[in-house]
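Chains as they are written, first to last, in this note's numbering: chain C, 187 to 316; chain R, 187 to 316.
Treat the hints as calculated values from the structure; they're not laboratory data. Among the hints, erroneous ones may be present.
It does not matter which identical chain is meant; a pair holds if it fits inside one copy or across any two.
Unchecked claim - List time: in silico BS3-like cross-link candidates among lysine-lysine, alpha-carbon distance up to 30 Å:
hint	residue 1	residue 2
1	K251	K304
2	K304	K255
3	K255	K222
4	K272	K255
5	K272	K222
6	K272	K304
7	K222	K251
There are 2 protein chains.
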Amino acid sequence: MRLHHVGVAVADLRPAIDMYTSLFGAELTHRASNEKDGLEAAFLQMGDAEIELLSPLRDDSAVGKFLAKRGPGMHHVAYAVSDIRKAMADARAAGLELIDAEPRMGMHGTLIAFVHPKSVGGVLTEFVEA
Amino acid sequence: MRLHHVGVAVADLRPAIDMYTSLFGAELTHRASNEKDGLEAAFLQMGDAEIELLSPLRDDSAVGKFLAKRGPGMHHVAYAVSDIRKAMADARAAGLELIDAEPRMGMHGTLIAFVHPKSVGGVLTEFVEA
Chain C
187 MRLHHVGVAV ADLRPAIDMY TSLFGAELTH RASNEKDGLE AAFLQMGDAE
237 IELLSPLRDD SAVGKFLAKR GPGMHHVAYA VSDIRKAMAD ARAAGLELID
287 AEPRMGMHGT LIAFVHPKSV GGVLTEFVEA
Chain R
187 MRLHHVGVAV ADLRPAIDMY TSLFGAELTH RASNEKDGLE AAFLQMGDAE
237 IELLSPLRDD SAVGKFLAKR GPGMHHVAYA VSDIRKAMAD ARAAGLELID
287 AEPRMGMHGT LIAFVHPKSV GGVLTEFVEA
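Assemble the whole structure, with the sequences as input and the hints as a guide.
Have a look at this one:
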């Protein structure tokens, strides 16, 4: 597995995109939104990995609740895997609790699944099939 | 800049190293400790970037206080820069607050400096000269 991206929760995408592009040399590769999950995202390439900026469309979305509880900041870490079903089965066999019972389509247009942070030392962890 | 590593605070290094190597395919490259800062660290390669596991040697260290306040989890994000003094000057010119006024030697044996999380949307941000 390789480090695929770090998810960062922000209240507003625009100023955060400006900071990461102007100060940290990141390249904005694409933006996407997901009405069902109530979030929009911007993907910024930084070397081999990405920063994924996440902003809520609604206060009662998962990211909206995260911001209300913890404030802006690091949200999750994602690893690229070649076979997401195998990664999920291995994690389950090791006793980790998966948030997603089945892979689902992520905003990169690839299959993703989240592992519960309580199983990974407080880190919300995502597998991305790449 | 490229994403250099993600710092993750843990209570104990050993079980965390075991999880990242066995489940996430990470390769343990080296371990280090810093008595002055009261922490020990393990560096795990995952593609082009690393996970840096951080564990306190003392409760009153910065990482010890972080664990007491927030619990284990994501601690900081680090970017590789070619010229750390320029990165620091650019950040300062943009109004960001630096924690380190001057670059200092990090546990990779390279110069590092931290930017205050309040200047980067709640993300404790590190520059690493690489």
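So, going through the hints one by one against the coordinates:
In this assembly of identical chains, the alpha carbons of K251 and K304 lie at most 30 Å apart whether taken from the same copy (18 Å) or from different copies (20 Å). In this assembly of identical chains, K304 and K255 lie within 30 Å of each other by CA distance both inside one copy and across copies; the values are 17 Å within and 16 Å between. In the homo-oligomer, the alpha carbons of K255 and K222 lie at most 30 Å apart inside one protomer (21 Å), although the nearest pairing across protomers, at 33 Å, exceeds that limit. Proximity of K272 to K255 under the C-alpha cut-off of 30 Å is found in neither arrangement, the shortest distances being 33 Å within a copy and 36 Å between copies.
For the homomeric pair K272 and K222, the shortest alpha-carbon distance inside one copy (27 Å) is at most 30 Å, but the shortest distance between copies (43 Å) is not. When the C-alpha separation of K272 and K304 is checked against a cutoff of 30 Å, the pair qualifies only within one copy, where the shortest distance is 21 Å, while the shortest distance between copies is 39 Å. Taking the closest pair of Cα atoms, K222 and K251 come within 30 Å of each other only inside a single copy of the chain (15 Å); across copies the shortest separation is 38 Å, beyond that limit.
When held up to the earlier numbered hints, the structure conflicts with hint 4 and nothing else.
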